[in-house]
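**Q** Going line by line, the protein sequences match chains E, R and C.
465 is the number of the first residue of the first sequence in my numbering; add one for each residue after it.
134 is the number of the first residue of the second sequence in my numbering; add one for each residue after it.
501 is the number of the first residue of the third sequence in my numbering; add one for each residue after it.
Warning: the hint list may mix true and false statements.
Said to hold, decoys possible - Listed below are the simulated DSS-like cross-link pairs for lysine-lysine, each with C-alpha atoms no more than 25 Å apart in a straight line:
(1) K287(R) x K273(R)
(2) K259(R) x K809(C)
(3) K258(R) x K687(C)
(4) K230(R) x K711(C)
(5) K273(R) x K711(C)
Unchecked claim - Below, a sample of chain E positions facing chain C; criterion: calculated Cβ distance under 7 Å:
(6) M466
(7) L468
(8) F586
(9) M589
(10) L779
(11) L789
(12) G793
(13) V800
(14) G809
If you are wondering where the hints come from, they were derived from the structure by calculation, not from laboratory data.
For glycine and all other residues, C-beta sits at the position ideal for the given N, C-alpha and C.
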Amino acid sequence: MMILSGDPPRSRVLSALLIVIVALLALAPFLFPGAKPLNVATKICVFAALVASYDLLLGYTGTVSFAHTMFYGIGSYGIAIALYTLGPTWTAVGAGLACGLPLAVLLALAIGLFSLRVQAIFFAMITLAVASAFLVLASQLSGLTGGEDGRSFQLPELLRPGTVFAKGVFGITVSGRTLTYYIVFVGAAAMILALLRVVNSPFGRVLQAIRENRFRAEALGYRTVFHLTLANCIAALVAAFAGALNALWLRYAGPDTSLAFSIMLDILLMVVIGGMGTIYGAIIGAVIFILAQNYLQALMGLASSAAADAGLPLLPGLLHPDRWLLWLGLLFIASVYFFPTGVVGRLRGAARQ
Amino acid sequence: MSDLLTLAGVHTHIGRYHILQGVDLTAREGRTTMLLGRNGAGKTTTLRTIMGLWPASSGTITLAGTRIEALATPDIATRGIGYVPETMAVFSDLTVKENLILAARTGPLDDAQLAWIFQFFPALKKFWLSSAGTLSGGQKQMLSIARAIVEPRKLLLIDEPTKGLAPAIVGALIDCLAEIKRRGATILLVEQNFRVAEAIGDDVAVMDNGRIMYTGDMPTLAANTALQEHFLGLSLEAHQ
Amino acid sequence: MSELAADEALPEPPRDIVPAALPIVLALVMLPLSGSASSWVTLTVASLAMGMMIFIMASGLTLVFGLMDVLNFGHGAFIAVGAYVATLAFGPLAAWMQSDSLLDNLAALLPAGLLAMAVSGALGAVFERVLILPVYGQHLKQILITMGGLIVAEQSLYALWGPQQIPLPLPGALRGSFILGDIAIAKYRVLAMVVGLVVFVGTLLVLNRTKVGLLIRAGVENREMVEALGYRVRRLFLGVFMVGSALAGLGGVMWGLYREQIHASMGGDLMILIFIVVIIGGLGSVTGCFIGAILVAMVANYGGFLLPKLALVSNILLMVAILMWRPRGLYPVTNR
Numbered sequence: 465m466m467i468l469s470g471d472p473p474r475s476r477v478l479s480a481l482l483i484v485i486v487a488l489l490a491l492a493p494f495l496f497p498g499a500k501p502l503n504v505a506t507k508i509c510v511f512a513a514l515v516a517s518y519d520l521l522l523g524y525t526g527t528v529s530f531a532h533t534m535f536y537g538i539g540s541y542g543i544a545i546a547l548y549t550l551g552p553t554w555t556a557v558g559a560g561l562a563c564g565l566p567l568a569v570l571l572a573l574a575i576g577l578f579s580l581r582v583q584a585i586f587f588a589m590i591t592l593a594v595a596s597a598f599l600v601l602a603s604q605l606s607g608l609t610g611g612e613d614g615r616s617f618q619l620p621e622l623l624r625p626g627t628v629f630a631k632g633v634f635g636i637t638v639s640g641r642t643l644t645y646y647i648v649f650v651g652a653a654a655m656i657l658a659l660l661r662v663v664n665s666p667f668g669r670v671l672q673a674i675r676e677n678r679f680r681a682e683a684l685g686y687r688t689v690f691h692l693t694l695a696n697c698i699a700a701l702v703a704a705f706a707g708a709l710n711a712l713w714l715r716y717a718g719p720d721t722s723l724a725f726s727i728m729l730d731i732l733l734m735v736v737i738g739g740m741g742t743i744y745g746a747i748i749g750a751v752i753f754i755l756a757q758n759y760l761q762a763l764m765g766l767a768s769s770a771a772a773d774a775g776l777p778l779l780p781g782l783l784h785p786d787r788w789l790l791w792l793g794l795l796f797i798a799s800v801y802f803f804p805t806g807v808v809g810r811l812r813g814a815a816r817q
Numbered sequence: 134m135s136d137l138l139t140l141a142g143v144h145t146h147i148g149r150y151h152i153l154q155g156v157d158l159t160a161r162e163g164r165t166t167m168l169l170g171r172n173g174a175g176k177t178t179t180l181r182t183i184m185g186l187w188p189a190s191s192g193t194i195t196l197a198g199t200r201i202e203a204l205a206t207p208d209i210a211t212r213g214i215g216y217v218p219e220t221m222a223v224f225s226d227l228t229v230k231e232n233l234i235l236a237a238r239t240g241p242l243d244d245a246q247l248a249w250i251f252q253f254f255p256a257l258k259k260f261w262l263s264s265a266g267t268l269s270g271g272q273k274q275m276l277s278i279a280r281a282i283v284e285p286r287k288l289l290l291i292d293e294p295t296k297g298l299a300p301a302i303v304g305a306l307i308d309c310l311a312e313i314k315r316r317g318a319t320i321l322l323v324e325q326n327f328r329v330a331e332a333i334g335d336d337v338a339v340m341d342n343g344r345i346m347y348t349g350d351m352p353t354l355a356a357n358t359a360l361q362e363h364f365l366g367l368s369l370e371a372h373q
Numbered sequence: 501m502s503e504l505a506a507d508e509a510l511p512e513p514p515r516d517i518v519p520a521a522l523p524i525v526l527a528l529v530m531l532p533l534s535g536s537a538s539s540w541v542t543l544t545v546a547s548l549a550m551g552m553m554i555f556i557m558a559s560g561l562t563l564v565f566g567l568m569d570v571l572n573f574g575h576g577a578f579i580a581v582g583a584y585v586a587t588l589a590f591g592p593l594a595a596w597m598q599s600d601s602l603l604d605n606l607a608a609l610l611p612a613g614l615l616a617m618a619v620s621g622a623l624g625a626v627f628e629r630v631l632i633l634p635v636y637g638q639h640l641k642q643i644l645i646t647m648g649g650l651i652v653a654e655q656s657l658y659a660l661w662g663p664q665q666i667p668l669p670l671p672g673a674l675r676g677s678f679i680l681g682d683i684a685i686a687k688y689r690v691l692a693m694v695v696g697l698v699v700f701v702g703t704l705l706v707l708n709r710t711k712v713g714l715l716i717r718a719g720v721e722n723r724e725m726v727e728a729l730g731y732r733v734r735r736l737f738l739g740v741f742m743v744g745s746a747l748a749g750l751g752g753v754m755w756g757l758y759r760e761q762i763h764a765s766m767g768g769d770l771m772i773l774i775f776i777v778v779i780i781g782g783l784g785s786v787t788g789c790f791i792g793a794i795l796v797a798m799v800a801n802y803g804g805f806l807l808p809k810l811a812l813v814s815n816i817l818l819m820v821a822i823l824m825w826r827p828r829g830l831y832p833v834t835n836r
């Protein structure tokens, strides 16, 4: 209870699901030793934390930001640029974090103070504009960021796949890769628990009061701009840290893996599917989405070529794996309409009856 | 004398607040019904509910024999209601003329009707082509009332026309409302100013806490100070 | 009515011309910085042409927001759809497009533009009815749903036309430039400016001289009161939404010809520019949108000429500067 900040899942099915997910993720290197399954498990960890931080904004304050991938990217690039320029040392990892995280927070502070001060409704538009400018900057300043190619780098000795700690532990080799996975896993879990703490604190309740009725909250004496900006900064900090973890795992940071607008859409979809304003929804959303992304896309490819072989018109184009976003968009619209409380909301609703 | 407008058991919720809690009210044809009561009693909500701006959650509203509580605001308006909201809601970006053109729903402005309006609102003629945003508060109120009477309407809903106006202008407004009455209009008038109510009211209904507490005719209430104390004590104090 | 002319008018508040003067001041400041008169003219004409095209695309969005408080993140879909649909018309009309006679060219451009507007407008109607109507009044869901709509539209274009860029060459008579001494003015930019001005003046005339226009202006200020006067604002809104979408489609065709290529992601890309324009102009203000569009285009062109690296973020800097000065945009609409 303490560790969940007094905010349990409040549904038996949901609790069971979460326990299974966490257990599987905790044992992933032993249960799914292949390269691809472990990549999927890492991505789930990273996105669960990233989406949870976005939920702090969307679900708890009701503000739509399109700049979340920017903060995620700042974290990624921080690590990548530091390790690329300073070499594969722990000092460089520290330097990357020490540059990336504060930069993300400062930028969030600037955007928050500026756009929330002028008019709250501008927020979504301004974040979209700023994020796109940042994406352009990152791909143009190739001297620093590697441009479109991004930056690949070496990890410190301890984290390399070649570093073997033990062989034949439950049939697998415990390597630097395993250690990296656990760093990501523990980091993500810590971030999610910290976010649970934030939303269940008095501060989190003020955020919800602002979401319900901003004027009322203002009239009650809360400085809404201050609260929203702080929420924005916390979300940015967590996003940047998630980005740093992702870069460590990939040993790479580039526009496509950390800044692209499609990642922003993925985050939105995961939040909505999982359930806004619940934090737990982030975990569920990330699991569903990333599993579908990795395994359903292959199915789409099969279906597309089958349709092409059958000589059907239009279908091959519509089912092509690259058209993944088309179905995602439709799913997204449908979820917002018919499923606004997401999986967690549904499960909790069922538990109440 | 028939009932033009009848509210029966009307409840209205705004968000989670239950504002009207079973309002029963009638406005008789050709008469001016004063809706009195202290601030927050639900007078403005009653008018907005009649207009469909805050739809009733239960109860019935009947205008000239037709149920209107489920209709959309524009359909209620086109059934012959002229509405003067508390905020006056003149279109400040538009000129006086353009405001009245929009109010004349069925066609071009009628010169005779305009001439009649200009008799008691000469300022509107004077500032005919000025934008409404530049008018003074009293002039905006005149424009708002003029919009409601620029074409003949079955029923006028007027929400606190004298609020915040200088005494001299209040006098002119009383004259104007009396003139509108003389033409046979049916009016439901929300007012906090008892002097105004006394001068033009025929019937009276007093609201409190989202219900009608008293109905009767104006002369009776005007003559009976004990009744006034009882129902309007708060409201009169609040005004002094 | 005419015999009721005003005997006198109130002293009008001084007209707010500072924002309108900004582009002129900017152009004058640029004059000594641009090196030569010919490059100044080229840059200024480029800015005006680009600004007018952006205005055409953005005008609908600002009115839609002003009238119904609807923030349509899917507006870009109409731009891309308009451009793609026009290519359908350019196919059969290829002979007229390639001809060197301006009349032939216009005979191809006109039906293509009209077709683009018709399809975009129809799509706009579907968009409004299917996507926006159910989430009317809920900003959060509106943003999410219309964003979803943009993605679906964009991906459908990919599925139908393929992922590659589609070349859209300028018609014969509109290639090249008018040469006046050492000053060259691209012909197509002149056409873009003319169309942009026509749309701007036409919009202003409709808004100021017709009853529908009065209703739109009144509705932007106080929708409730317009309904209380007996007008169905929803139907008016659908009309404005369709016209706005149709204009976005027209803008898409013009932009495609300007860039001489189109791509399904063009709508989403331009959306960012359009948001900056409507924010700068003041949400709901057509005049503000016009000036905002020209300012954005000037900053992009002048900035790109003076400091190419800066041009990447120049729009954001412009937006920040304007909002510092006027937090609700150049021409804030009353009641918002």
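**Q** Hint by hint, say whether it matches the structure.
**A** How the hints compare with the structure:
For the hint linking K287(R) to K273(R), the alpha-carbon distance of about 23 Å falls within 25 Å, and the restraint holds. Between K259(R) and K809(C) the alpha-carbon distance is near 58 Å, which puts this suggested pair outside the 25 Å criterion. For the hint linking K258(R) to K687(C), the alpha-carbon distance of about 51 Å lies beyond 25 Å, and the restraint is violated. A distance of roughly 12 Å separates the Cα atoms of K230(R) and K711(C); the hinted pair therefore holds under the 25 Å criterion.
A threshold of 25 Å between alpha carbons decides the hint, and for K273(R) with K711(C) the separation of about 21 Å falls inside it, so the pair holds. With a least beta-carbon distance of about 32 Å to chain C, the hint placing M466(E) at the interface is violated under the 7 Å criterion. Against a cut-off of 7 Å between C-beta atoms, the interface hint on L468(E) is violated, since the closest Cβ of chain C lies about 27 Å away. With a least beta-carbon distance of about 6 Å to chain C, the hint placing F586(E) at the interface is held under the 7 Å criterion.
The closest approach between the C-beta of M589(E) and any C-beta of chain C is roughly 4 Å, which is under the 7 Å cut-off, so the hint is satisfied. Because the beta carbon of L779(E) sits about 10 Å from the nearest beta carbon in chain C, more than 7 Å, this interface hint is broken. The beta carbon of L789(E) comes within 5 Å of a beta carbon in chain C, closer than 7 Å, and the hint placing it at the interface holds. Hint status for G793(E) relative to chain C: holds, with the closest Cβ pair at about 4 Å, below 7 Å.
Interface restraint check: V800(E) against chain C, minimum CB-CB distance 5 Å, threshold 7 Å, status holds. This hint is violated: G809(E) has a C-beta 14 Å from the nearest C-beta of chain C, more than the 7 Å allowed.
Of the hints listed earlier, those the structure fails to meet are numbers 2, 3, 6, 7, 10 and 14, in rising order.
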